[in-house]
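Q: Chains D and R are the protein sequences, given in the same order.
Under numbering that gives the first Met the number 0, the first sequence has 214 at position 215, and the numbering climbs by one with no breaks.
Under numbering that gives the first Met the number 0, the second sequence has 60 at position 61, and the numbering climbs by one with no breaks.
Don't take each hint at face value.
If you want the footprint, here are the derived chain R segments under chain D, 3+ residues with CB under 8 angstroms [stated by the list, open to error]: (1) 11-22; (2) 42-52; (3) 61-75; (4) 276-285.
Below, a list of computed lysine-lysine pairs in the DSS-like style, where the Cα atoms sit at most 25 angstroms apart [to be verified]: (5) R:Lys138 to D:Lys41; (6) R:Lys150 to R:Lys38; (7) R:Lys21 to D:Lys38; (8) R:Lys41 to R:Lys150; (9) D:Lys21 to R:Lys41; (10) R:Lys231 to R:Lys197; (11) R:Lys197 to R:Lys138; (12) R:Lys38 to D:Lys21; (13) D:Lys244 to R:Lys244.
Computed from the model, here is a short list of chain R residues facing chain D with C-beta under 7 angstroms [as the list claims (entries may be wrong)]: (14) Asn121; (15) Gly123; (16) Ser270; (17) Lys271; (18) Ala273.
Simulated from the structure, these hints should not be mistaken for laboratory data.
Using N, Cα and C, we set each Cβ at its ideal position, and we do this for glycine too.
Protein chains: 2
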Amino acid sequence: MRYDIAIIGTGPAGVSAALTAKNRNKNFLLIGSRSGSEKIRKTHMVLNYPGLPDVSGEALNQAFLDQLQDAGIGITDKRVANVYAMDGYFTLQVDRDFIEASTVILTTGTSFGRPLPGENENLGRGVSYCATCDAPLYKGKETVVVGYSPKEEAEAAFLSETCSKVTYIPMYKGKVRLPESVEVISGRPVSVEKADGKMRLNLAPFAGAEGEERHIDASCIFLLRESVAPDKLVPGLQLDGNHVKTDRSMATNLPGLFAAGDLTGLPYQISKAAGEGNIAAISAAQYLDKRK
Amino acid sequence: MRYDIAIIGTGPAGVSAALTAKNRNKNFLLIGSRSGSEKIRKTHMVLNYPGLPDVSGEALNQAFLDQLQDAGIGITDKRVANVYAMDGYFTLQVDRDFIEASTVILTTGTSFGRPLPGENENLGRGVSYCATCDAPLYKGKETVVVGYSPKEEAEAAFLSETCSKVTYIPMYKGKVRLPESVEVISGRPVSVEKADGKMRLNLAPFAGAEGEERHIDASCIFLLRESVAPDKLVPGLQLDGNHVKTDRSMATNLPGLFAAGDLTGLPYQISKAAGEGNIAAISAAQYLDKRK
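Generate coordinates for the entire structure from the input sequences, incorporating the hints supplied.
A: Written out as structure tokens, the structure is:
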């Protein structure tokens, strides 16, 4: 089965795109975090979202999620590792499955950070963004997981079932809950390199913390950020600086692939993201209708 | 006094721009109908506005108006007849007053209709869009008012105090309430022309109605639509077809003048309009900050 539209991301742009896709009777899949937008949830108050005065970020995020539920729109809470532009459709690697969609709307925000030195060069060759996808490749080997949110602990635990050793480096504060076999260490990743036929992750102490520079060698380094940089997620996607380049219909350089929300550029605002999600869904629907 | 921003229009784009301008501590004026967007009010249900599920158009419009009131943002319910780009600021003719603003955000929608044949050529020379503005020019003369909403009856009544005769042509259904001296006739305006030194309005019967073609001659023909075509409102404003041409920051070809909402093009959607209003306000704020 091929979906009409795959919407990646569950922030305001993704929610808006999903609501409009539903209105247009499209067969679509909404993939992202079931808890919506981490960024909005952490916002104290939102004062300029039209229609919901003086709303807390948490309440606004919940209003979006409730509306999806009321509209009968489910969220597929999985990680999209890759989006490949095929001949007239797209193949998405979603955890370890592959799904097909005629169009894609990318709304993955900006929380992908800057790549570490050495990261891009070694991606797919000792650096991975998806433990679930690549675990089978590292059976009985040593791996390192850099987790940018507590959610990634499950990925590290999953790896510990097949790898000979897993080292976990949390990039957040608070308690880490992992099987005893997983070693947890503290440090700030500064670069990745190939050394002695293995991958090496170089670490520095956090600002203000005691400690020395050190490194860990392993067969694979998993860098698990909240989202993957759009040009890494979609090979061939054209950027404009750090943002995805779109026209006013939210079309990217890849026919059938649209983008909306913070990842298309400033301003990083909820209403702007929702508006763009709406436009992207209508543009995707028009693109589909033209091909009939 | 010169305003930082003049926002014209009180639909979702204007409301969104005003909320964000307020957030940015700008000194702004919001000009438009105190009852918000006629188009939204007439919409039965809105199913894809993120945050407000299955809301009636009337309730959504009211939510926008309530939010303005809660935020302490007043609406100046007057007609903007012209916006002139000056050297580094704008002069707006608002009814019979002139106000100045460093930037302008145009959110006047698409309800300006197509011009009648002969309308553009005679604008300002026997055709007018503003009775309040031009009444003094036609003291003791005969005038015709084509009113596109019951609101315009007040304009015709006002003209009847100074003109020797006023003929009123309602473009809507329902009871017309006017002073006895105003003649009310039914018909569909088809063109405007100069004839025998006067202006002539040619009328046809409405589709399906009895009657013959006729014409009325007068010194001035007032065409009072809900809004004025953007390039008539702002001389020099660049269009793209019937829409105002903007870039992704909602900037037009006139520095300091931004546009948002339906008048910038399809899709005609509430969330898209709100998003663009948000972007326009931020772009206007950045424009102002740069000039400091």
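Q: Against each hint, give a clear statement of whether it holds in the structure.
A: Right, here's what the structure says about each hint:
Only when three residues or more bring their CB closer than 8 angstroms to a CB of chain D does the claim for the region 11-22 of chain R stand; here the count is 7, and the claim holds. Only residues whose beta carbon comes within less than 8 angstroms of a beta carbon in chain D count, and the region 42-52 of chain R has 7; three or more means the coverage holds. Counting residues of the region 61-75 of chain R whose CB lies closer than 8 angstroms to any CB of chain D gives 6, so the stated coverage by that chain holds, three being the minimum. Look at the region 276-285 of chain R against chain D: 4 of its residues bring a Cβ nearer than 8 angstroms to a Cβ of that chain, three or more, so the hint holds.
Restraint check for Lys138 of chain R and Lys41 of chain D: the C-alpha separation of about 63 angstroms exceeds 25 angstroms, so the hint is violated. A threshold of 25 angstroms between alpha carbons decides the hint, and for Lys150 of chain R with Lys38 of chain R the separation of about 15 angstroms falls inside it, so the pair holds. The hinted pair formed by Lys21 of chain R and Lys38 of chain D meets the criterion: a straight-line CA distance of about 23 angstroms does not exceed 25 angstroms. Distance check on the hinted pair: Lys41 of chain R and Lys150 of chain R sit about 16 angstroms apart at the alpha-carbon level, within 25 angstroms; holds.
Restraint check for Lys21 of chain D and Lys41 of chain R: the C-alpha separation of about 22 angstroms stays at or below 25 angstroms, so the hint holds. For the suggested pair Lys231 of chain R and Lys197 of chain R, the alpha carbons sit about 22 angstroms apart, so the restraint of at most 25 angstroms is met. This hinted pair checks out: Lys197 of chain R and Lys138 of chain R have alpha carbons roughly 15 angstroms apart, not beyond 25 angstroms. Distance hint between Lys38 of chain R and Lys21 of chain D is fulfilled; the C-alpha atoms sit about 23 angstroms from each other, no more than 25 angstroms.
Taking the CA atoms of Lys244 of chain D and Lys244 of chain R, the gap is near 19 angstroms; set against the 25 angstroms cutoff, the hint holds. Using the Cβ-Cβ criterion of 7 angstroms, the hint placing Asn121 of chain R at the interface with chain D is not satisfied: the shortest such distance is roughly 34 angstroms. The interface hint given for Gly123 of chain R is broken, as the beta carbon of that residue sits about 33 angstroms from the closest beta carbon of chain D, more than 7 angstroms. The interface hint given for Ser270 of chain R holds, since its Cβ lies 4 angstroms from the closest Cβ of chain D, which is under the 7 angstroms cut-off.
The beta carbon of Lys271 of chain R comes within 5 angstroms of a beta carbon in chain D, closer than 7 angstroms, and the hint placing it at the interface holds. With its C-beta approaching chain D no nearer than about 5 angstroms, Ala273 of chain R sits inside the 7 angstroms limit, and its interface hint holds.
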